[in-house]
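Q: Here's the letter readout for the chains.
Protein chains: 2
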Amino acid sequence: MILTVTLNTALDITYRIRSLRPHASHRVTEVTERPGGKGLNVARVLAALGHEVTVTGFTGGGTGRAVQDQLTAVPRLVDALVPVAGPTRRTIAVVDEQTGDTTQLNEPGPTVTPAEWSAFQEAYEELVPSMSAVALCGSLPPGVPVGAYAGLIRSARAAGVPVLLDTSGEPLRRGVAARPDIVKPNADELAELTGSHEPSRATQDARRRGAHAVVASLGPEGLLAVTPEGRWRATPSARVHGNPTGAGDSAVAGLLSGLVERLPWPDRLARAVALSAATVVAPVAGEFERETYEEVLGRVAVTGSTNAA
Amino acid sequence: MILTVTLNTALDITYRIRSLRPHASHRVTEVTERPGGKGLNVARVLAALGHEVTVTGFTGGGTGRAVQDQLTAVPRLVDALVPVAGPTRRTIAVVDEQTGDTTQLNEPGPTVTPAEWSAFQEAYEELVPSMSAVALCGSLPPGVPVGAYAGLIRSARAAGVPVLLDTSGEPLRRGVAARPDIVKPNADELAELTGSHEPSRATQDARRRGAHAVVASLGPEGLLAVTPEGRWRATPSARVHGNPTGAGDSAVAGLLSGLVERLPWPDRLARAVALSAATVVAPVAGEFERETYEEVLGRVAVTGSTNAA
Numbered sequence: 001m002i003l004t005v006t007l008n009t010a011l012d013i014t015y016r017i018r019s020l021r022p023h024a025s026h027r028v029t030e031v032t033e034r035p036g037g038k039g040l041n042v043a044r045v046l047a048a049l050g051h052e053v054t055v056t057g058f059t060g061g062g063t064g065r066a067v068q069d070q071l072t073a074v075p076r077l078v079d080a081l082v083p084v085a086g087p088t089r090r091t092i093a094v095v096d097e098q099t100g101d102t103t104q105l106n107e108p109g110p111t112v113t114p115a116e117w118s119a120f121q122e123a124y125e126e127l128v129p130s131m132s133a134v135a136l137c138g139s140l141p142p143g144v145p146v147g148a149y150a151g152l153i154r155s156a157r158a159a160g161v162p163v164l165l166d167t168s169g170e171p172l173r174r175g176v177a178a179r180p181d182i183v184k185p186n187a188d189e190l191a192e193l194t195g196s197h198e199p200s201r202a203t204q205d206a207r208r209r210g211a212h213a214v215v216a217s218l219g220p221e222g223l224l225a226v227t228p229e230g231r232w233r234a235t236p237s238a239r240v241h242g243n244p245t246g247a248g249d250s251a252v253a254g255l256l257s258g259l260v261e262r263l264p265w266p267d268r269l270a271r272a273v274a275l276s277a278a279t280v281v282a283p284v285a286g287e288f289e290r291e292t293y294e295e296v297l298g299r300v301a302v303t304g305s306t307n308a309a
Numbered sequence: 001m002i003l004t005v006t007l008n009t010a011l012d013i014t015y016r017i018r019s020l021r022p023h024a025s026h027r028v029t030e031v032t033e034r035p036g037g038k039g040l041n042v043a044r045v046l047a048a049l050g051h052e053v054t055v056t057g058f059t060g061g062g063t064g065r066a067v068q069d070q071l072t073a074v075p076r077l078v079d080a081l082v083p084v085a086g087p088t089r090r091t092i093a094v095v096d097e098q099t100g101d102t103t104q105l106n107e108p109g110p111t112v113t114p115a116e117w118s119a120f121q122e123a124y125e126e127l128v129p130s131m132s133a134v135a136l137c138g139s140l141p142p143g144v145p146v147g148a149y150a151g152l153i154r155s156a157r158a159a160g161v162p163v164l165l166d167t168s169g170e171p172l173r174r175g176v177a178a179r180p181d182i183v184k185p186n187a188d189e190l191a192e193l194t195g196s197h198e199p200s201r202a203t204q205d206a207r208r209r210g211a212h213a214v215v216a217s218l219g220p221e222g223l224l225a226v227t228p229e230g231r232w233r234a235t236p237s238a239r240v241h242g243n244p245t246g247a248g249d250s251a252v253a254g255l256l257s258g259l260v261e262r263l264p265w266p267d268r269l270a271r272a273v274a275l276s277a278a279t280v281v282a283p284v285a286g287e288f289e290r291e292t293y294e295e296v297l298g299r300v301a302v303t304g305s306t307n308a309a
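Residue numbers (the UniProt record's numbering), protein chains in the order written: chain A, 1 to 309; chain B, 1 to 309.
Simulated from the structure, these hints should not be mistaken for lab results. Beta carbons: idealized from backbone N, C-alpha and C, even for Gly. Just to be clear, a hint being listed does not mean it is correct.
[Said to hold, decoys possible] Where chain A lies over chain B, by a calculated footprint (3+ residues, C-beta under 8 Å): (1) 63-69; (2) 120-132.
[Said to hold, decoys possible] Here's a subset of chain A near chain B, in silico, CB distances under 10 Å, partners left out: (3) Leu11; (4) Ser25; (5) Thr29; (6) Gly62; (7) Val94; (8) Thr99; (9) Thr103; (10) Asn106; (11) Glu107.
[Unchecked claim] In silico contact screen, one side only, chain A against chain B (beta carbon under 8 Å); selected entries: (12) Val31; (13) Leu105; (14) Gly258.
Assemble the whole structure, with the sequences as input and the hints as a guide.
A: Laid out in structure tokens, this is it:
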């Protein structure tokens, strides 16, 4: 069982409209809703890959109920979200049918009280020991201390459970110092953490700051991994076109599933790259196309070397 | 007890953002939610004026629950909404803090099934006989027949209960032919119904089409009423500035409350004009400012004459 943590869960709503004109009135032609927040995306991909997965984080209000209703329909997924008084935030993606472009409106989400944060930490401590891996994903909602991930990483490591961190800014900086097993920053997050825009140097620097393994996602250029076992570069054979939303979350699911299946690093990276590509081409943001996944998987180029024992 | 009917209820959401830029990502700084749909607005104003009011129409899903939760907090208001399988629509008003302008996104709402429409009609038939007046407000949701209001008007008239219609387009045209006691079109709706942009002529024509009394709302110029008892013009003493959203609904509440209190037409019109003005100046769209209401009420100019008996 894998645990994914999404402290800033969301109800992701997509509106299709003919053309967005500021200060006009628009008829929405199509409404779709799905559970959102990076950890929930990771969990759905893990479940689709056949893994048992538990999700935790916060849920509240009618929007939280809508998220939880949809999660019950996902096979192999256990809902362990912790209730809060405020409603789960909505994110609204307004897709312009004429241009295909998206305008995004993101609610701030409810402020988590100290009592609610304590209740979450207790629930997390109880869940972690029976897990094969933990993923901590996304931003922190208002009210959660900026060092939150550092504490959750220390708990997982104390329980002997490998932990992956995928966040940005100060929560990433603090989290890295708590020595997570894997961090998966993108190029911007890595540059913000280390001050270097040179991926190879920045990845090394992130390891020096505490992360055991750093897997940097470099968009269409694939992944760069620097780990205790060796360093590798994994690149898709061809560039894919589509919507990159959720591609990073699919990469996290690839890395985690490979970890618990005890695959060697090159196989984990190939899986993560193929899942990312299959997410970019999927018509629904955040889903992945299984056919593309299997097709790309066989053709990811992984270069690099295992460290001498 | 007054009954207001809102077939196309909504959860009205207002987002404040710094500045709307198409195809960019925006952080919403403030979220407010309130029950929406014209009949619910009318009911809230009636309740604030001290009247007992029952609301009916459709409710569904988490958004419907949110609407109903908020209605329970309104004193003197009874919730008799009829459940449907689909979720109540959301409307999103995106307020640009830099310009004060609003961009509106309106969901279409759930399609009402024939069985759901029948269930509503039964509930309505049971409610109507104990009411002192009925208001039929707003657009029709998908699935409800375009002649819906005509049927509801005939039922109310058969029960001897006065009925006001506030809608537009084909539902207005069909509804007027069913001889409602009052219709309250705005200038555009009146022109669409009659083909005439001259309010006095168009109002007369709307009466010939079946409405017993026609009260045309002419925006800042107030109201023009042509009724079996006489014809009047009611105008506010000074122009007010603000958000006209809900001003028409407040006018309907003024007309209805005056009807059940058996006020003479000039007093009903003065109340409707004052409530409209007090709604325009209120900081929250659809609410009214009691102080402004009382101040304007004493200074509405009503001109016109009662018909010879």
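Q: Next, verify each hint and record whether it holds.
A: For each hint, the structure was consulted:
1. 63-69: holds (count 3)
2. 120-132: violated (count 0)
3. Leu11: 9 Å, holds
4. Ser25: Because about 4 Å separates serine 25/A from the closest Cβ in chain B, which is inside the 10 Å limit, the hint holds.
5. Thr29: Holds: closest Cβ of chain B sits about 7 Å from threonine 29/A, inside 10 Å.
6. Gly62: Where the cut-off is 10 Å and the nearest Cβ of chain B is about 4 Å from glycine 62/A, the hint holds.
7. Val94: 7 Å, holds
8. Thr99: 8 Å, holds
9. Thr103: Given a least distance of 5 Å, the restraint on threonine 103/A holds.
10. Asn106: At 6 Å from the nearest chain B Cβ, asparagine 106/A passes the 10 Å test, so the hint holds.
11. Glu107: 5 Å, holds
12. Val31: Holds, because the Cβ-Cβ distance from valine 31/A to chain B comes to roughly 5 Å (cut-off 8 Å).
13. Leu105: 5 Å, holds
14. Gly258: Where the cut-off is 8 Å and the nearest Cβ of chain B is about 31 Å from glycine 258/A, the hint is violated.
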